[in-house]
Amino acid sequence: MTASINPYFPILIAFVLGLLIAGGATAASFLLGPKKPNPAKLDVYECGVPVVGTARQRLSVKFYLTAILFILFDIETVFLYLWAVLFDELRWFGIIEVGLFVGTLVVGYIYILRRGALNWD
Amino acid sequence: MEGTVGVVTQFLDSNIGVVATLGKIALALAIALQVAPIMVWVERRQAAFIQRRIGPNRVGLFGFKLFGLGQPLADTIKLLFKEDFVPKQANKFFYILAPIVPAVMGLLAIQGIPLAKEIVVGGHTINMQPVSLNAGFLYLFAMSALGVYGVALAGWASNNKYALLGGLRASAQMISYEIAMGLALLPMVFIYGTLDLQAMIAAQSDSLLFGVLPNWGIFLSPISFVIFVITMFAETNRLPFDLAEGEAELVAGFLVEYGSMRWSLFFLGEYAMMFTLSALTTCVFLGGYELPWLSQSELVALLTPVFSAEPATWVASLIGLVVLLTKTAIFMFLFVQARFTLPRFRYDQLMRVGWVYLLPLALVNLVVLALIVGIMRLT
Chain A
-14 MTASINPYFP ILIAFVLGLL IAGGATAASF LLGPKKPNPA KLDVYECGVP VVGTARQRLS
46 VKFYLTAILF ILFDIETVFL YLWAVLFDEL RWFGIIEVGL FVGTLVVGYI YILRRGALNW
106 D
Chain B
-16 MEGTVGVVTQ FLDSNIGVVA TLGKIALALA IALQVAPIMV WVERRQAAFI QRRIGPNRVG
44 LFGFKLFGLG QPLADTIKLL FKEDFVPKQA NKFFYILAPI VPAVMGLLAI QGIPLAKEIV
104 VGGHTINMQP VSLNAGFLYL FAMSALGVYG VALAGWASNN KYALLGGLRA SAQMISYEIA
164 MGLALLPMVF IYGTLDLQAM IAAQSDSLLF GVLPNWGIFL SPISFVIFVI TMFAETNRLP
224 FDLAEGEAEL VAGFLVEYGS MRWSLFFLGE YAMMFTLSAL TTCVFLGGYE LPWLSQSELV
284 ALLTPVFSAE PATWVASLIG LVVLLTKTAI FMFLFVQARF TLPRFRYDQL MRVGWVYLLP
344 LALVNLVVLA LIVGIMRLT
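Protein chains in written order, with the working numbering: chain A, -14 to 106; chain B, -16 to 362.
These are calculated hints, taken from the structure and not from any lab test.
It is possible that some hints are incorrect.
Dumping the calculated PhoX-like pairs for lysine-lysine here, alpha-carbon to alpha-carbon at most 25 Å [said to hold, decoys possible]:
| id | chain 1 | residue 1 | chain 2 | residue 2 |
| --- | --- | --- | --- | --- |
| 1 | A | K21 | B | K71 |
| 2 | A | K26 | B | K75 |
| 3 | A | K21 | B | K75 |
| 4 | A | K20 | B | K65 |
| 5 | B | K71 | A | K26 |
| 6 | A | K21 | B | K65 |
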């Protein structure tokens, strides 16, 4: 009778269809559009003025520290999801444990806030 | 002739799972692909009304003007016939790949939305959520986060300073908002006790709050709702958080070297993601496809005498789909209204809102709600 499908299988079908739609749209405009390249058109667009330097140079990414903090707090959120699903089974034990866990992170959060890691001036 | 019909019926009967899955995916894809052109028209018209202009109202279909509804069609044809070239300084492979990523992720994310309550066809119950995982809406989060790669990739591959800054800003924005977004939805998980969107919708329709209000998430956890809507704007790169584009200072940011269909693929992805996140908000906070005060099962019971048992579920689900689309349309309206009434945030202000205000607020909300739910349910 009704053979059950793996719940992840529809994702694969949708992925293939999505690729076909997006790839097809790109290919269609590639085939249909005119081809009249000229040096000015292919150049870097910097509001029409001659290009200064290149984009392949080193620049200071100020938020690398924020990125590290993001990983910390994001993993915290993932852990909390596990607790939230099992909220009724873990009962008060879970709530107290999570309270301690969140409390520890809040101490860390206050530390980074006071040390100015979240100032971007 | 009789034989052919019999064979077809038998084929459908034995492969109902596969056929239904393909049908649901096709329905979700059709919705996602229709949202972009319709929203382009809505956005231009609404902008015009806010700015006291008329907006596109000329292009019609078959000789009727239809308030300019033919405009998106004309735009699509124009974009298809535009010259499609790769700038000489760009990294060709990633430049071509970049617009495909957000478009595909947008089309994938929408598959996780429960479109209507299950329908019964020939004795088979069909669940109307194309991708129904036990991980629930975490699938939606994963897909919407992957969409950012397209923007960051476009910024780098274009090899243009403006584009690079736009891509960098998109990633900075992502790391400032995802945490508050995840924490805002956490209380909803333990309030409903599930990650599954359909179970959440069922929990929101089975009883009334204080005997009057529908049991919707927005009333159970209003702060979560507010935080989620704010982060939704940031996640989809929409004003007041569209720093990755920033027409005024970055001349369209990551889009600066893009044109023709590649350019519109970014917008296909953006609108599909806007729709998906709006629908997710609807499912978690506003009862999804359920009407307030009249649940889908009551509706089926009401409709069964009029139609017969199985068509009654089809009609009820159709009503459910319309209800879902209507609620989602309210958020889409909000997106456009915000875009043309609010100024753009500055880069550091945006990160401060995410880290210094929304994150602690979400944490406090989480702890308070955990205590309230614990006291109400466990004692």
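The hints, checked one at a time:
1. A:K21 - B:K71: At roughly 14 Å apart (the allowed maximum being 25 Å), K71 (chain B) and K21 (chain A) satisfy the hint.
2. A:K26 - B:K75: holds, 16 Å
3. A:K21 - B:K75: Holds, because 18 Å separates the two Cα atoms, which is no more than 25 Å.
4. A:K20 - B:K65: Satisfied, since the Cα-Cα distance of roughly 9 Å is no more than 25 Å.
5. B:K71 - A:K26: Holds, because 9 Å separates the two Cα atoms, which is no more than 25 Å.
6. A:K21 - B:K65: Holds, at roughly 11 Å.
Checked against the numbered hints listed earlier, the structure breaks none of them; every hint is satisfied.
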